[in-house]
Amino acid sequence: MSKRYAGIDVGSWNTKAVIVDEDLEILGKNVLRTGADPQGAAKRSYEEALKAAKTKKNQIVGVVATGFGRAKVPFADTTRTEITCHGLGANQYYPASITVVDIGGQDTKLIRVDDTGKNLHFVLNRKCAAGTGAFLEEMALRLDVKLNDLNDLATRATKHFRLGSFCTVFTGSEILKMVQEGEKVEDIARGLYASVVLRVSEMGHLEGQVVLTGGVIAYNPILKQVFEEELKVICLVPPEAEFIGALGAARVALGLDGGSADKKRKENRKKIGAFTSRPGKDTCNPWAGRRSP
Amino acid sequence: MVVPTVVQRHLVRPLRSVGLFKQVITRNYHEIRDAAEARRGKIAWCTSLGPAELLRALGFKVYFPENHGAILGSFRASEEFIPVATAHGFSPEICSYLTSDIGAFLRKETPLRALYGFRDVPRPDVLVYNTNQCREVAEWFSFFGREFKVPVLGINTPHHVPEITVAHVSSVVDQINALIPQLEKIAGTRLDMNELKRIVKLSHDACVEWKGVLGTAAHRPSPFNFFDGLIHMGPVVIMRGMQDAVDYYKALRKELDERVKDGIGTVEDEKFRIYWDGMPMWGRIRAHSNLFARFKACVVASTYCSTWALDQLDHNDPIRSMAETYTSLFINRTEGIKEQYLINMAKDFSIDGIIFHDSKTCPYNSNTRFGMPMRLEKWFHVPNLVVQGDVCNMRLVSDTQFETGIEAFIERLMLKGVEGGAL
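Protein sequence lines correspond, in order, to chains Z and Y. Take the position in the first sequence, starting the count at 1, then add 911; the result is the number in the numbering used here. Take the position in the second sequence, starting the count at 1, then add 201; the result is the number in the numbering used here.
No lab work stands behind these hints, which were simulated from the structure alone. All figures in this text were calculated on a predicted structure; none of them were measured in a lab. Honestly, I wouldn't trust all of these hints.
[Unchecked claim] Pairs of lysine-lysine residues, derived as BS3-like cross-links and limited to a Cα-Cα distance of at most 27 Å, are as follows:
(1) K983(Z) with K472(Y)
(2) K309(Y) with K412(Y)
(3) K579(Y) with K1143(Z)
(4) K451(Y) with K462(Y)
(5) K451(Y) with K412(Y)
(6) K561(Y) with K539(Y)
Please work from the sequences and hints to get the whole structure.
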């Protein structure tokens, strides 16, 4: 039986685990809420992923933990930050110079990686919930809609609002004003996603192909469309976007953590049909779609 | 098979000079306390790079509120006092040294009681600022001028200076000269130029010794790091112009030279050499020191500690050299000069990467706001990371985010080809 590896991403909202083979094929995976017990969540998620992969613990050669709770995984052999792991995980699908935008529950990261997955530069969001999953959760509460319904609402929007994204609380006030002015909840919902996109665009240049990862894009696929409409960039979303951090961790478990040693493994990586490795530029055009007053 | 994470404690080696450090700092504060509380001398409050030499030459005991702010920050007391100052009309967005210090004053609290036996902060006879680091100090001192009903005097240094010209220096020389008769009146004595020369010589010697101390960190492994520097910079900040400061740095230098000779680093098994730009986060000094050490990373040099590594003071021309020295500070210069300074430091100290601290309430000491980190990385290929935080207000610090950022930065350096770390 081939060797198996595990990657566990203990995020602020969800804990994700993947079991992979030597070719980094995902054999089993699991996601569950982290809650107040990251250690327990990591253990349960790992066990569920093992079950899904029909794998026994003694078949696992290496376990690597990532995410904000990475230090709370006592059975992991080592840890890597989610920044490194999202870069590696995205590179697994898109082996070229890319900018990974990982929107998580409590923070957002821009990670520029080379064609081996090596981290060239990264930026973290400020100490602020704006532009993160927590922002969307808070706004859904304000609109009195379920978080899961926000995506569908936004798909029915007919107007393109840009809400202020500097502060979650102030954006809440802005929403109340829009509601009072009779704006449709669908349009406001899209405006919230546009707000997240604006916040991301402020963090740094989106160089090369843009790859969206993390739980927020996985549960809110409308974000890809809003990114493309607002920033005039083509975005890619890997399959299993929520598990990209865990996949990156599993890659570390295989010893493939980027750099020249990884180049020879490139041919084994997954290829996605829509992907082109064109050298990208920061293509944000603030004037696109605007009319003069 | 992956290499297991080895759980071990990477120590930052303590310096035995800490004992002497405590003695000289305590002696200085006791002199100020005795002068203030027994009315045995006049007290001047001064900014950290203000005309301290002039004040000492006139016989003032010199007290530095910025040091008080740093003590409040390192005691993690700022979060208690900043809201008091905010309620008094001072924005939480301005210098958190200022708001910590004013908040503590309004609350009638000071750590100087427990540390050095003060009844209260020493009552000033005069407050003298220099705006060479920021304009906030003028407002800060004006508050205390109103509270104590004493004169507030100042030097308004030309800002954002490119190359230093005669006009820049002359402007400051004129302002220092204008201070003299006002200070003489408050001191009740005439300025003795020979005494000023003596003090300037001592100040020069302390700064040069301090520069030598910082310079030892160019060795690999470094015997001294930024977090050591934050403690041991005390004498050069608050005791410039005193023999004790010179003697202290000679003793410290001796200890560091021994470490260099024996190949002993302050961080065990140093692998990464980091530069810190911007203010420290005073309430997290120990935590940050341990965090870097955990990754075998030594923060070998910093803009902040190097601010006092001055060598231009000249006792043969005391006033002009004070003017030139205190105008040419890094913080008071244009972006181009700052860039070149950082590049030179990166080379001199064999830096692997730079951490830029964007301090929320200290924009003057945050070199992140006009694109410098991006330029340095693009033009000079110096890896860097911008971290958000604050000098005193730890409510503005996200520990998890900071730690993840630093760890990811070390991971990045590791993949760049710099080996090591506890990863």
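### Message
Please verify whether K451(Y) and K412(Y) have alpha carbons no more than 27 Å apart.
### Response
11 Å, holds
### Query
Taking only the CA atoms, is the gap from K561(Y) to K539(Y) under or equal to 27 Å?
Judged against 27 Å, a Cα distance of about 20 Å means the pair holds.
### Task
For the pair supplied as a hint, K983(Z) and K472(Y), confirm whether the alpha-carbon distance does not exceed 27 Å.
26 Å, holds
#### Entry: Given hint K412(Y) paired with K309(Y) - CA-CA distance at most 27 Å
37 Å, violated
### Query
Regarding the pair K579(Y) and K1143(Z), is the alpha-carbon distance no greater than 27 Å?
25 Å, holds
### Message
Given the hinted pair K451(Y) and K462(Y), is their Cα-Cα distance within 27 Å?
### Response
Holds, because 16 Å separates the two Cα atoms, which is no more than 27 Å.
The structure does not agree with numbered hint 2 stated previously, though it agrees with all others.
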